[in-house]
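J.: As a plain string of letters, each chain reads:
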Amino acid sequence: MIRFENVGLRYGIGPEILRNVSFHIEPQSFYFISGPSGAGKSSLLNLMFLSMRPTRGLVTCFGKDMSTLNRNELAQMRRKIGVVFQDFRLLDHLTIYENVSLPLRVRGFPEHTYRQDVIELMQWVDLGDHMHVYPNVLSGGEKQRTAIARAVIGQPDLLLADEPTGNVDPELAARLLRLFVELNKMGTSIVIATHDHELMNQFRAPRLMLDDGEVYLTEP
Amino acid sequence: MVNRPPNDPRYAPLQTQPKRPRPLDGEQIYVNEGQFLNQGHYENAEQVHHQIDQDLNSPYPPSQPDYGAVQPQAADHHGSGQRQSQAQGHGQAQGQGQAQGHGQAQGQGHLRQEFVQGSEYQQPPSDQNPPFASPQAHALGEQVIEDENPKSGVGSIATFGNSLANKNRAPSKLSPIIPRDSIIGKSILFIIVAMCFLASLSIVFLLLVQSSVDGWTSDIGKQATVQILPSPERDVDADIATALKIIRATNGIALAEPLTKNETAKLLEPWIGDGIIGQDANNNDISILDELPIPALIALEFIAGHNVDLNLLDVALKSAIPGASVDDHKKWLSHLSSIGNILKISAFAVLALVIGITITIIVFATDAALNSNKTSIEILFLVGAEEGFITKEVRYHFLWLGLKAGVFGAFICIAFILLLGLVVNIIYAAQFDNLAAARILFGQVTLSPYQYLYLLLVPLFTTIIAGITVHLSARKIINTLH
Chain A
583 MIRFENVGLR YGIGPEILRN VSFHIEPQSF YFISGPSGAG KSSLLNLMFL SMRPTRGLVT
643 CFGKDMSTLN RNELAQMRRK IGVVFQDFRL LDHLTIYENV SLPLRVRGFP EHTYRQDVIE
703 LMQWVDLGDH MHVYPNVLSG GEKQRTAIAR AVIGQPDLLL ADEPTGNVDP ELAARLLRLF
763 VELNKMGTSI VIATHDHELM NQFRAPRLML DDGEVYLTEP
Chain B
-16 MVNRPPNDPR YAPLQTQPKR PRPLDGEQIY VNEGQFLNQG HYENAEQVHH QIDQDLNSPY
44 PPSQPDYGAV QPQAADHHGS GQRQSQAQGH GQAQGQGQAQ GHGQAQGQGH LRQEFVQGSE
104 YQQPPSDQNP PFASPQAHAL GEQVIEDENP KSGVGSIATF GNSLANKNRA PSKLSPIIPR
164 DSIIGKSILF IIVAMCFLAS LSIVFLLLVQ SSVDGWTSDI GKQATVQILP SPERDVDADI
224 ATALKIIRAT NGIALAEPLT KNETAKLLEP WIGDGIIGQD ANNNDISILD ELPIPALIAL
284 EFIAGHNVDL NLLDVALKSA IPGASVDDHK KWLSHLSSIG NILKISAFAV LALVIGITIT
344 IIVFATDAAL NSNKTSIEIL FLVGAEEGFI TKEVRYHFLW LGLKAGVFGA FICIAFILLL
404 GLVVNIIYAA QFDNLAAARI LFGQVTLSPY QYLYLLLVPL FTTIIAGITV HLSARKIINT
464 LH
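Protein sequence lines, in the order shown, are assigned to chains A and B. The first sequence maps to residues 583 to 802 in this note's numbering. The second sequence maps to residues -16 to 465 in this note's numbering.
Treat each hint with caution, since some may be false.
[Unchecked claim] Stretches of chain A that chain B covers, calculated by requiring three or more beta carbons in the stretch to come under 8 Å of a beta carbon on chain B:
1. 658 to 666
2. 684 to 695
[Stated by the list, open to error] In silico DSS-like pairs for lysine-lysine, Cα to Cα no more than 30 Å straight-line:
3. B:LYS244 - B:LYS228
4. B:LYS357 - A:LYS662
5. B:LYS156 - A:LYS662
6. B:LYS357 - B:LYS205
7. B:LYS156 - B:LYS327
8. B:LYS301 - B:LYS205
9. B:LYS169 - B:LYS357
10. A:LYS662 - B:LYS459
11. A:LYS646 - B:LYS375
12. B:LYS327 - B:LYS205
13. B:LYS249 - B:LYS228
14. B:LYS205 - B:LYS228
15. A:LYS646 - B:LYS459
16. B:LYS244 - B:LYS314
17. B:LYS387 - B:LYS459
18. A:LYS662 - B:LYS301
19. B:LYS205 - B:LYS244
20. B:LYS314 - B:LYS301
Keep in mind that the hints were calculated from the coordinates and are not lab data. Every residue gets a Cβ at the ideal spot worked out from N, C-alpha and C, and that includes glycine.
Take these sequences, add in the hints, and give me the full structure.
T.: Here it is in structure tokens:
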């Protein structure tokens, strides 16, 4: 699905943030990405989400070399990947329903074609009663679930989550993890970047550990 | 070729030796660089999900009879029968118990139940079944209701993608992706409206100046005056009659009218005061006009489009009447033309300056407004919007903003001009007896219908400038995202 081969990344003329990174995310797999702060988790996620290009190495996404794709092809590729940001990145002037349906809207689907899907998904994440409210009145957990719903509404092949439990209490973190696991059961590959060891200990999944710009695989 | 010291660490390869990471929880597996760390980690999806279920068995609360308290609700709603039959079929295929009687509420799954009952959540006994009873991969869109305990009402989440009737109503009209009525948007609208008003006013100023100067030159250019100096040896009335004959014999003269005593007295009034003509109480003529050496005047008006040879007329008059001459106002015309040109150049300069400032402000305001929506653009980018979609969204928004501001500015200007014209007419009517002459001399604040069309250029240019600016600015932001 996504394959990194000896990938390196540096910002400007600074030191390499990521070095010789090689791994492969298979379909329907589940991974944690972890490491100390500043180890490059977000940079790695950005590379996986195709919003950055590596300084060196090869990133292959769904069988295509990322460096050969033009902007629109990258956008098409990005639609196969859902992302849950640590800071949610919701649009405050749109309702929860509109935020969740945004990925379908930008693909040019008429609203009536996805309305029921969005409603069902929102009920699934228990936001059915919050469809017409705006993000600024939601709690952190509700925003997180909105962000997750937005990430999965396009039925992505891969879901990337950056510190999805960073703003919620442990109980809700556990529930969000179950949500990801359920999505994984439905066929979506899940990659969660976190430094929450408790969260990772709750679920046996391989971990891609970042250390000093390099990635190592560890078994739980 | 650069000679490098052999042991200088600065020139060492990035990583020549495998490095062991810091020990973390559990045993770690290190794989050398260049090798896929997790290649072959999972053999297939079934293994993955089996492992997931096993993993979740211990730390996670499984579904239990009273765990998901949502009761079946969908018995009466549209499509429930179909769902039940499919669920039943699936359950039979998998051999996982019954799924009959479960509606959509069940289909929404136990995850929903967890969120619903968040505060009442309790750790169930560890020997309960895990919530994810089926290890099979659920393809999106597949309708599956599986639950080992029918009493629980807990189903699977796999109903997503299969729309059924829902009591919740989605909004009928979606909000614009780029917010239209933000505070900064309103401020920018106000600024652009103000600049469009000033630009429109400059155009009106130029048009009025041009109209006035043209009026002066054309009115004076199509008139002339014949002057006959008084002489004690000659009969003035006879000379006037002779002059009129010569004048009327000339081509291109539309009107030749000698000024009456009253008209002559009115011309002299500003310099020597009134009372130079009149009658006393007994109706005796007490005029002193005849006693003054005042020349007789004949006003001429030319037929429009005819080029009258005034030099020939002057020669003819002088040969017939000594002391007669033609004054074609060339001297005045030359002065007025100079003043008119200066005014027109000034008006153009003001217009150019205002337009330049307006363009600059529109560019900066649009750029600032777009940057205030940078987050929206970033999110559009992140959810997979193509570049064309993003630029179209922002372009539409700001084209509309520019058009609206331009139209507002132009219409405010038109209203202002109409009001000003009304006030000026009232002032003229109060101050001058000859309103038409006052309008010619001092100008008038009115535009002809076709002159109003010039003001339509303002919203047009504002829209074009806003469109070009927003397109370039959006491209700039998108470039930074790449």
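J.: Holds or violated: LYS156 of chain B with LYS327 of chain B, Cα cutoff 30 Å?
T.: Status violated; Cα separation ~52 Å.
J.: Does LYS228 of chain B lie within 30 Å of LYS205 of chain B when you go C-alpha to C-alpha?
T.: holds (20 Å)
J.: Between LYS327 of chain B and LYS205 of chain B, is the straight-line Cα distance small enough, at 30 Å or below?
T.: holds (22 Å)
J.: Next pair to validate is LYS646 of chain A with LYS375 of chain B; report whether the Cα-Cα distance is within 30 Å.
T.: Holds. LYS646 of chain A to LYS375 of chain B sits at ~28 Å (cutoff 30 Å).
J.: Given the proposed pairing of LYS244 of chain B with LYS314 of chain B, does the C-alpha separation stay at or below 30 Å?
T.: The given pair, whose Cα atoms are some 26 Å apart, holds under the 30 Å limit.
J.: Take the C-alpha atoms of LYS169 of chain B and LYS357 of chain B, compute the straight-line distance between them, and say whether it is at most 30 Å.
T.: holds (17 Å)
J.: Examine the region 658 to 666 of chain A: at least three residues should have C-beta closer than 8 Å to a C-beta of chain B.
T.: holds (count 4)
J.: Mind checking the alpha carbons of LYS646 of chain A and LYS459 of chain B for me, to see if they're no more than 30 Å apart?
T.: holds (27 Å)
J.: How does the coverage statement for the region 684 to 695 of chain A fare against chain B, requiring three or more residues with Cβ below 8 Å from a Cβ of that chain?
T.: holds (count 7)
J.: Check the hint pairing LYS662 of chain A with LYS459 of chain B against an upper bound of 30 Å on the C-alpha distance.
T.: The hint holds at about 25 Å.
J.: Quick one, are LYS662 of chain A and LYS301 of chain B close enough, alpha carbons at most 30 Å?
T.: Answer violated: LYS662 of chain A to LYS301 of chain B is near 100 Å, above 30 Å.
J.: Below or equal to 30 Å on CA atoms is what counts here, so check LYS314 of chain B against LYS301 of chain B.
T.: holds (21 Å)
Consistency with the previously given hints fails for numbers 6, 7, 18, ordered from lowest to highest.
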